[in-house]
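Participant: So the sequences go chain by chain: A and B. Residue numbering for the first sequence follows our numbering, beginning at 1 and increasing consecutively. Residue numbering for the second sequence follows our numbering, beginning at 181 and increasing consecutively.
Calculated from the structure, these hints are not laboratory results. Where a beta carbon is used, it is the ideal one built from N, C-alpha and C, also for glycine. Careful, some of the hints might be misleading.
Stated by the list, open to error - Okay, the calculated bits of chain A under chain B, using three or more residues with CB under 8 angstroms as the criterion:
#: 1; stretch: 13-22
#: 2; stretch: 58-71
#: 3; stretch: 132-141
Stated by the list, open to error - Straight-line alpha carbon distances no greater than 30 angstroms define the calculated BS3-like cross-link-like pairs of lysine-lysine that follow:
#: 4; chain 1: B; residue 1: K217; chain 2: B; residue 2: K274
#: 5; chain 1: A; residue 1: K94; chain 2: A; residue 2: K24
#: 6; chain 1: B; residue 1: K274; chain 2: A; residue 2: K43
#: 7; chain 1: B; residue 1: K223; chain 2: B; residue 2: K296
#: 8; chain 1: A; residue 1: K94; chain 2: A; residue 2: K116
#: 9; chain 1: A; residue 1: K43; chain 2: B; residue 2: K223
#: 10; chain 1: B; residue 1: K217; chain 2: B; residue 2: K204
#: 11; chain 1: B; residue 1: K204; chain 2: B; residue 2: K296
#: 12; chain 1: A; residue 1: K24; chain 2: A; residue 2: K116
#: 13; chain 1: B; residue 1: K223; chain 2: B; residue 2: K204
#: 14; chain 1: B; residue 1: K267; chain 2: B; residue 2: K296
#: 15; chain 1: B; residue 1: K204; chain 2: B; residue 2: K274
#: 16; chain 1: A; residue 1: K94; chain 2: B; residue 2: K204
#: 17; chain 1: A; residue 1: K87; chain 2: A; residue 2: K116
#: 18; chain 1: A; residue 1: K43; chain 2: A; residue 2: K87
#: 19; chain 1: B; residue 1: K204; chain 2: A; residue 2: K116
#: 20; chain 1: B; residue 1: K217; chain 2: A; residue 2: K24
#: 21; chain 1: B; residue 1: K296; chain 2: B; residue 2: K274
#: 22; chain 1: A; residue 1: K87; chain 2: A; residue 2: K24
#: 23; chain 1: B; residue 1: K223; chain 2: A; residue 2: K24
#: 24; chain 1: B; residue 1: K204; chain 2: B; residue 2: K267
#: 25; chain 1: A; residue 1: K43; chain 2: A; residue 2: K116
#: 26; chain 1: A; residue 1: K24; chain 2: B; residue 2: K274
#: 27; chain 1: A; residue 1: K24; chain 2: A; residue 2: K37
#: 28; chain 1: A; residue 1: K24; chain 2: A; residue 2: K43
#: 29; chain 1: A; residue 1: K43; chain 2: B; residue 2: K217
#: 30; chain 1: A; residue 1: K37; chain 2: B; residue 2: K204
#: 31; chain 1: B; residue 1: K267; chain 2: B; residue 2: K217
#: 32; chain 1: A; residue 1: K24; chain 2: B; residue 2: K204
#: 33; chain 1: B; residue 1: K223; chain 2: B; residue 2: K267
2 protein chains.
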Amino acid sequence: MRALIVAASLFEDSELLVPYYRLKEEDIEVDIASIRKGTLAGKHGYRVEANLALAEVEPERYDLLVLPGGDAPAALRRDPAALAIAKSFFERGKPVAAICHGPQILVSAEVLQGRKATCHRSVAEELTRAGAIYEDSEVVVDGNLVTSREPADLPAFMRETMRLLRRPDGDAEQLAQAAV
Amino acid sequence: MRALIVAASLFEDSELLVPYYRLKEEDIEVDIASIRKGTLAGKHGYRVEANLALAEVEPERYDLLVLPGGDAPAALRRDPAALAIAKSFFERGKPVAAICHGPQILVSAEVLQGRKATCHRSVAEELTRAGAIYEDSEVVVDGNLVTSREPADLPAFMRETMRLLRRPDGDAEQLAQAAV
């Protein structure tokens with residue numbers, strides 16, 4: 001099983017690191033893709049290595065897309081490769097987990113029409129304008145989509161993301177294998 | 181099920197936040213205790229609320245003790261209440277998870293004689309002098325004790341900590357209940 005985190009500098013550190021470590025706890029391989037390959041610095045100064053440029057990503061190789069928040073999504077939403085990646089996950093019905101400002105990328109990718117979702121409160125208006133049904137909850141799950149509002153929601157966000165990865169449509173077996 | 185994190189300002193942010201959120205993902209209640217009640221600031225600027233003073237802690241109420249690293253353990257190891265808490269967990273054979281500089285508290289509590297453990301490399305010498313059998317591994321499990329070296333070890337650290345909480349000595353049932 002493989003997960004992709006799409007990030008850029010000024011990511012919200014805990015919203016990237018908590019999913020990253022949680023997925024690796026399950027022996028899931030995690031790639032980090034950004035506008036360019038190389039070191040990204042979070043708002044709190046943590047550094048992570050983007051091992052892929054967005055343009056290099058083959059989305060169909062991944063079982064999960066994670067979109068952390070912070071100031072990164074404002075840059076990423078203007079990158080056509082980031083939007084193409086998000087669209088690919090929605091077309092294939094594959095899990096997408098977006099938190100805080102992360103759903104801004106989904107707004108720009110125009111994949112939220114009729115979907116229940118949440119996000120940072122400052123993003124709620126544009127989420128609604130993009131056709132989403134906004135809920136002010138710690139986590140909202142709608143099909144392949146898991147969304148949360150902020151770092152304090154990370155326990156619920158990761159609980160539902162892991163549950164989605166384990167759902168009985170073939171992925172559960174892969175997760176069991178990865179956890180051996 | 182209940183976990184206790186012992187911390188102070190200048191904790192290593194990810195070494196506190198990752199276990200904190202991971203335990204809450206399992207619906208485990210988590211208290212944070214420090215020298216005094218109130219707000220603690222991590223090295224990277226994250227703020228967490230210590231809801232208990234160390235002197236108020238009743239260690240027998242908890243199933244797990246977590247000792248994050250950073251500069252906090254240097255202050256905590258001089259606090260007799262912190263050492264008494266650590267000793268209580270070892271006397272009862274209850275899980276203790278310590279990472280990076282966290283094991284310094286266990287050195288001062290004199291509970292490491294003959295125990296296999298790891299820690300930040302700068303702590304290795306004093307760990308050995310305290311009678312521990314030091315290993316340079318991402319995670320070392322010896323009975324009730326789980327130790328790791330640094331933030332990059334967090335996936336292995338949490339994998340083994342969760343495994344210890346689930347082991348079949350009565351705690352597994354509690355965890356299953358907590359996860360409902």
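Participant: None of the hints should be skipped; say for each whether it holds.
Facilitator: Now the hints, each set against the structure:
As drawn, the stretch 13-22 of chain A meets chain B at 6 residues by the rule of a beta-carbon pair under 8 angstroms; at three or more, the given contact holds. For the stretch 58-71 of chain A, the stated coverage by chain B is not satisfied: 0 residues place a CB nearer than 8 angstroms to a CB of that chain, which falls below the threshold of 3. Counting residues of the stretch 132-141 of chain A whose CB lies closer than 8 angstroms to any CB of chain B gives 0, so the stated coverage by that chain is violated, three being the minimum. A threshold of 30 angstroms between alpha carbons decides the hint, and for K217 (chain B) with K274 (chain B) the separation of about 24 angstroms falls inside it, so the pair holds.
Among the hinted pairs, K94 (chain A) with K24 (chain A) is consistent with the structure: their alpha-carbon atoms are about 19 angstroms apart, no more than 30 angstroms. At most 30 angstroms may separate the alpha-carbon atoms for a hinted pair to count; K274 (chain B) and K43 (chain A) exceed this at roughly 37 angstroms. A distance of roughly 28 angstroms separates the Cα atoms of K223 (chain B) and K296 (chain B); the hinted pair therefore holds under the 30 angstroms criterion. Of the pairs offered as hints, the one joining K94 (chain A) and K116 (chain A) holds, with about 16 angstroms between alpha carbons and a cut-off of 30 angstroms not exceeded.
Restraint check: the Cα-Cα separation between K43 (chain A) and K223 (chain B) comes to about 13 angstroms, which is no more than 30 angstroms; the hinted pair holds. A distance of roughly 21 angstroms separates the Cα atoms of K217 (chain B) and K204 (chain B); the hinted pair therefore holds under the 30 angstroms criterion. The suggested pairing of K204 (chain B) with K296 (chain B) holds, with an alpha-carbon distance near 28 angstroms, which does not exceed 30 angstroms. The straight-line distance between the Cα atoms of K24 (chain A) and K116 (chain A) is roughly 28 angstroms, inside the 30 angstroms bound, and the hint therefore holds.
A hinted pair counts as satisfied when its Cα atoms are at most 30 angstroms apart, and K223 (chain B) with K204 (chain B) qualifies at roughly 22 angstroms. A distance of roughly 17 angstroms separates the Cα atoms of K267 (chain B) and K296 (chain B); the hinted pair therefore holds under the 30 angstroms criterion. A distance of roughly 19 angstroms separates the Cα atoms of K204 (chain B) and K274 (chain B); the hinted pair therefore holds under the 30 angstroms criterion. Taking the CA atoms of K94 (chain A) and K204 (chain B), the gap is near 26 angstroms; set against the 30 angstroms cutoff, the hint holds.
Using a Cα cut-off of 30 angstroms, the hinted pair K87 (chain A) and K116 (chain A) holds, with the two alpha carbons roughly 17 angstroms apart. Distance check on the hinted pair: K43 (chain A) and K87 (chain A) sit about 27 angstroms apart at the alpha-carbon level, within 30 angstroms; holds. Straight-line distance between C-alpha atoms of K204 (chain B) and K116 (chain A) comes to about 24 angstroms, which keeps the hinted pair within the 30 angstroms bound. Restraint check for K217 (chain B) and K24 (chain A): not satisfied, since their Cα atoms lie roughly 33 angstroms apart, outside the 30 angstroms limit.
Distance restraint check for K296 (chain B) and K274 (chain B): the Cα-Cα separation of roughly 16 angstroms lies within the 30 angstroms cut-off, and the hinted pair is therefore satisfied. Pair hint K87 (chain A) plus K24 (chain A) holds up; C-alpha atoms about 25 angstroms apart against a cutoff of 30 angstroms. Simply put, K223 (chain B) and K24 (chain A) have alpha-carbon atoms about 24 angstroms apart, close enough for the 30 angstroms limit, and the pair holds. At roughly 25 angstroms between alpha-carbon atoms, K204 (chain B) and K267 (chain B) fall within 30 angstroms of each other, so this suggested pair holds.
A distance of roughly 28 angstroms separates the Cα atoms of K43 (chain A) and K116 (chain A); the hinted pair therefore holds under the 30 angstroms criterion. Restraint check: the Cα-Cα separation between K24 (chain A) and K274 (chain B) comes to about 26 angstroms, which is no more than 30 angstroms; the hinted pair holds. At roughly 21 angstroms between alpha-carbon atoms, K24 (chain A) and K37 (chain A) fall within 30 angstroms of each other, so this suggested pair holds. Proposed proximity of K24 (chain A) and K43 (chain A) is supported: the alpha carbons are some 22 angstroms apart, at most 30 angstroms.
Among the hinted pairs, K43 (chain A) with K217 (chain B) is consistent with the structure: their alpha-carbon atoms are about 27 angstroms apart, no more than 30 angstroms. A threshold of 30 angstroms between alpha carbons decides the hint, and for K37 (chain A) with K204 (chain B) the separation of about 33 angstroms lies outside it, so the pair is violated. The suggested pairing of K267 (chain B) with K217 (chain B) holds, with an alpha-carbon distance near 21 angstroms, which does not exceed 30 angstroms. Between K24 (chain A) and K204 (chain B) the CA atoms are separated by roughly 18 angstroms; this keeps the pair inside 30 angstroms, and the hint holds.
For a cut-off of 30 angstroms, the pair hint linking K223 (chain B) to K267 (chain B) stands: about 27 angstroms separates their Cα positions.
When the structure is compared with the earlier hints, violations turn up for hints 2, 3, 6, 20, 30 and for no others.
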